[in-house]
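Protein chains: 2
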Amino acid sequence: MLLSEMNNTQLCKMKDELLQQVNAYGNMKLNLNMTRGKPCKKQLDLTTEVLKDVDIYTNSVDEYGVDCRNYGELYGIKGLRILLAPLVGASEDRIILGGSSSLNMMYDVMMKMVVFGADEHSAPWGTGKKVKFLCPSPGYDRHFAITELLGFDLIPVDMTDSGPDMDQVEALVANDPSVKGIWCIPVYSNPTGVIYSEDTIKRLAWMKTTAEDFRIFCDNAYPVHFLDQYDTLSVNILDECEKAGNPDRTFVFSSTSKITYPGSGIAILASSKRNILSYNKMLSKQTIGPNKMNQLLHLRAFKSFNDILVHMERQAAILRPKFDIVDQILRRELEGLGIAEWTHPTGGYFISFDCMEGCAKRTVEIAKNVGVEFTAAGATYPYGKDPLDRNIRIAPTLPPVEELKTAIQVLCTCVKLAGVEKLLETNH
Amino acid sequence: MLLSEMNNTQLCKMKDELLQQVNAYGNMKLNLNMTRGKPCKKQLDLTTEVLKDVDIYTNSVDEYGVDCRNYGELYGIKGLRILLAPLVGASEDRIILGGSSSLNMMYDVMMKMVVFGADEHSAPWGTGKKVKFLCPSPGYDRHFAITELLGFDLIPVDMTDSGPDMDQVEALVANDPSVKGIWCIPVYSNPTGVIYSEDTIKRLAWMKTTAEDFRIFCDNAYPVHFLDQYDTLSVNILDECEKAGNPDRTFVFSSTSKITYPGSGIAILASSKRNILSYNKMLSKQTIGPNKMNQLLHLRAFKSFNDILVHMERQAAILRPKFDIVDQILRRELEGLGIAEWTHPTGGYFISFDCMEGCAKRTVEIAKNVGVEFTAAGATYPYGKDPLDRNIRIAPTLPPVEELKTAIQVLCTCVKLAGVEKLLETNH
Chain A
5 MLLSEMNNTQ LCKMKDELLQ QVNAYGNMKL NLNMTRGKPC KKQLDLTTEV
55 LKDVDIYTNS VDEYGVDCRN YGELYGIKGL RILLAPLVGA SEDRIILGGS
105 SSLNMMYDVM MKMVVFGADE HSAPWGTGKK VKFLCPSPGY DRHFAITELL
155 GFDLIPVDMT DSGPDMDQVE ALVANDPSVK GIWCIPVYSN PTGVIYSEDT
205 IKRLAWMKTT AEDFRIFCDN AYPVHFLDQY DTLSVNILDE CEKAGNPDRT
255 FVFSSTSKIT YPGSGIAILA SSKRNILSYN KMLSKQTIGP NKMNQLLHLR
305 AFKSFNDILV HMERQAAILR PKFDIVDQIL RRELEGLGIA EWTHPTGGYF
355 ISFDCMEGCA KRTVEIAKNV GVEFTAAGAT YPYGKDPLDR NIRIAPTLPP
405 VEELKTAIQV LCTCVKLAGV EKLLETNH
Chain B
5 MLLSEMNNTQ LCKMKDELLQ QVNAYGNMKL NLNMTRGKPC KKQLDLTTEV
55 LKDVDIYTNS VDEYGVDCRN YGELYGIKGL RILLAPLVGA SEDRIILGGS
105 SSLNMMYDVM MKMVVFGADE HSAPWGTGKK VKFLCPSPGY DRHFAITELL
155 GFDLIPVDMT DSGPDMDQVE ALVANDPSVK GIWCIPVYSN PTGVIYSEDT
205 IKRLAWMKTT AEDFRIFCDN AYPVHFLDQY DTLSVNILDE CEKAGNPDRT
255 FVFSSTSKIT YPGSGIAILA SSKRNILSYN KMLSKQTIGP NKMNQLLHLR
305 AFKSFNDILV HMERQAAILR PKFDIVDQIL RRELEGLGIA EWTHPTGGYF
355 ISFDCMEGCA KRTVEIAKNV GVEFTAAGAT YPYGKDPLDR NIRIAPTLPP
405 VEELKTAIQV LCTCVKLAGV EKLLETNH
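Which chain is which? The protein sequence lines are A and B, in order. Here my numbering runs 4 ahead of the position in the first sequence, where the first position is 1. Here my numbering runs 4 ahead of the position in the second sequence, where the first position is 1.
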């Protein structure tokens with residue numbers, strides 16, 4: 005029965021039952037953290053099996069004669085650029101390997117836009133000037149945080165099942181030169197799990213922007229992070245931008261953070277030849293280069309891209325039951341009540357959960373009170389403000405299955421209680 | 005006999021002999037690269053011996069319970085911050101460990117000054133505004149390059165035997181609010197090998213600056229890179245700044261790049277509690293953290309700071325003969341001619357060589373023509389312009405001893421030839 009069709013007597017009865025459940029959870033002294041999309045210990049152990057016997061010391065010279073122990077190779081070693089190229093969809097000469105954080109590379113590119121400008125013809129985006137940045141929402145809080153830190157105006161754009169609402173995007177970029185860029189996660193988008201459609205990617209590449217230095221920050225964080233089977237995007241955004249005559253429009257980022265170890269993976273940046281050349285020119289002033297021994301480790305751990313896919317299938321086998329259990333519990337507890345919807349991702353790290361309008365904060369609050377912490381409600385929107393207060397990001401990967409079950413059961417109880425409270429308040 | 009006291013006949017005769025020598029070198033088809041302060045293969049092998057059997061996989065959890073494989077620990081792992089603290093002279097709570105490049109941390113801090121400002125009370129240094137930066141010269145070209153990239157005015161300051169000429173520095177900072185900072189290498193300064201005196205460090209800490217957001221970028225690149233014996237600075241610049249009531253004035257950088265592997269060391273930043281706190285606040289937006297597995301490797305490779313010193317003594321044993329042979333050849337070939345002076349460093353990676361005014365470029369050019377490449381003349385000055393065209397940086401560490409001997413003999417011949425040419429031209 006839909007909650008909205010219940011009368012106050014029914015709602016009050018339900019509220020009492022839910023409060024009892026909440027009390028029972030409170031008595032369990034739970035301490036569960038569901039806030040972060042972190043790989044779990046089993047996944048880390050899987051990677052340890054792959055890395056622990058890789059020898060990078062007996063011979064530290066790569067196949068091109070580079071001693072990976074010494075200075076040099078600003079772009080990162082060539083063998084690994086070739087191996088990881090499919091993650092970003094660019095040839096190895098348009099790839100730069102970074103340190104252990106692709107977020108840091110995004111920040112770095114963004115800082116260069118602000119201080120140096122997109123290219124020699126463009127003014128720096130500047131400090132203290134109004135720059136607008138498009139934020140498909142719900143989206144990734146740490147993307148939004150970088151552009152917020154820089155004082156940009158964050159403009160929310162609705163997410164649809166096929167990517168950002170392109171009608172909105174096209175309208176926003178068409179008439180305002182201060183709209184300088186957009187955040188995108190084209191595959192298993194955080195948190196919805198959406199895969200951008202061919203049409204979305206083509207429109208991103210071809211759309212007319214007033215700002216000539218408009219840039220797409222395309223964070224391909226989960227290119228091989230399937231739950232069921234590997235599938236490449238049918239359209240390569242860098243190629244499409246080139247076709248469209250906008251070759252320099254897009255920076256594609258990726259990393260091995262959720263392939264090998266989150267704390268010590270390899271970050272990747274790919275773009276047009278021109279962008280990479282100009283980036284590298286600045287890089288040569290900025291750093292003595294990335295950690296090449298870690299690159300050699302990754303290169304020797306995986307003989308081919310297929311080895312990576314085999315490793316990711318093993319990771320998927322750990323994660324699949326977790327995503328399944330979340331969906332099962334949500335369906336069992338919430339189906340037919342008309343108070344919640346959630347996504348059914350085929351990869352990535354998150355499930356996006358929408359409850360009744362105005363209930364997300366309250367839901368997260370009740371859960372926190374009984375010892376289960378979810379990502380702050382609103383975090384998936386610019387400035388942490390979900391205009392409808394309905395989105396919660398579920399991160400099923402880190403906790404063991406039993407803890408995850410408890411956490412999601414708590415979530416269901418809390419979301420029902422928040423819904424009942426809301427309806428009683430409205431009916432009043 | 006002083007070259008300057010020779011008559012033209014003597015000079016012409018000498019020129020003929022030198023040209024013959026140069027031709028002989030040319031016939032040897034040399035291909036020697038003396039441009040970079042890179043550790044040599046033997047040094048790398050020494051580090052391989054230390055690292056190759058360190059196990060970071062059987063147990064990747066550090067003594068504080070941090071699984072170094074996963075996300076987290078923005079500051080870097082605590083054990084390593086404690087171990088490396090003596091490199092920067094600060095307690096572990098005022099230290100941030102970075103990636104593999106301390107230069108990158110300097111660039112990063114500098115970019116934050118430009119975009120965000122030194123603190124909440126200070127305006128950003130800004131893009132397109134005139135910022136002046138003091139550059140003790142001869143100094144490190146890659147320091148100068150960062151501030152040049154940002155469009156700052158680079159103001160040369162003379163280097164003395166006890167550090168930057170503090171009379172000049174104090175005069176420059178006293179009356180001009182656009183003078184925002186200074187580059188310093190307090191120990192075995194690049195390229196002179198100078199160790200800053202107590203007095204220099206005290207004056208840097210205590211001097212009155214018009215700019216309240218004046219910052220010392222103190223690159224302690226060679227704190228344990230002695231040739232003879234380890235010696236700490238008698239004055240700690242961070243402590244002295246605190247005493248002077250200027251606690252936030254100094255950022256100290258260091259790294260293990262020339263302790264372990266240049267390409268995969270650990271960069272270090274230390275400063276006041278306030279600076280570190282504010283830096284870390286931004287860091288939390290910018291990155292998911294540094295490579296902690298590499299940190300764990302370093303932590304387990306050296307049980308104590310004394311272990312590091314023992315390792316550095318072994319490195320010194322490799323480098324000492326190289327510095328000695330350079331000095332021997334220079335003395336044998338050039339002493340008494342009055343055309344060259346050079347430093348006698350007790351540590352670090354360079355010897356600073358001064359030839360006759362107006363002869364450095366020509367010397368490097370002749371050497372290059374016979375296949376021996378030295379660091380570009382002028383590189384040790386802002387904008388690559390040595391006003392007296394006399395300084396050449398000698399980097400003795402990379403080549404094997406026999407190659408080094410040849411390279412320095414070539415240098416001596418070239419510097420004599422350039423001197424003779426100059427004198428003949430002047431006498432004309």
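Warning: the hint list may mix true and false statements.
Because identical chains share one entry, a pair is satisfied inside a single copy or across any pair of copies.
As the list claims (entries may be wrong) - Listed below are the simulated BS3-like cross-link pairs for lysine-lysine, each with C-alpha atoms no more than 25 Å apart in a straight line:
#1 LYS116 x LYS134
#2 LYS212 x LYS372
#3 LYS277 x LYS42
#4 LYS285 x LYS17
#5 LYS365 x LYS212
#6 LYS409 x LYS212
#7 LYS365 x LYS289
If you're looking for bench data, these hints aren't it; they were derived computationally from the structure.
Hint check:
{"no.": "1", "hint": "LYS116 x LYS134", "result": "both (16 Å within a copy, 18 Å between copies)"}
{"no.": "2", "hint": "LYS212 x LYS372", "result": "neither (46 Å within a copy, 51 Å between copies)"}
{"no.": "3", "hint": "LYS277 x LYS42", "result": "neither (34 Å within a copy, 30 Å between copies)"}
{"no.": "4", "hint": "LYS285 x LYS17", "result": "neither (68 Å within a copy, 47 Å between copies)"}
{"no.": "5", "hint": "LYS365 x LYS212", "result": "neither (38 Å within a copy, 51 Å between copies)"}
{"no.": "6", "hint": "LYS409 x LYS212", "result": "neither (47 Å within a copy, 63 Å between copies)"}
{"no.": "7", "hint": "LYS365 x LYS289", "result": "between (46 Å within a copy, 23 Å between copies)"}
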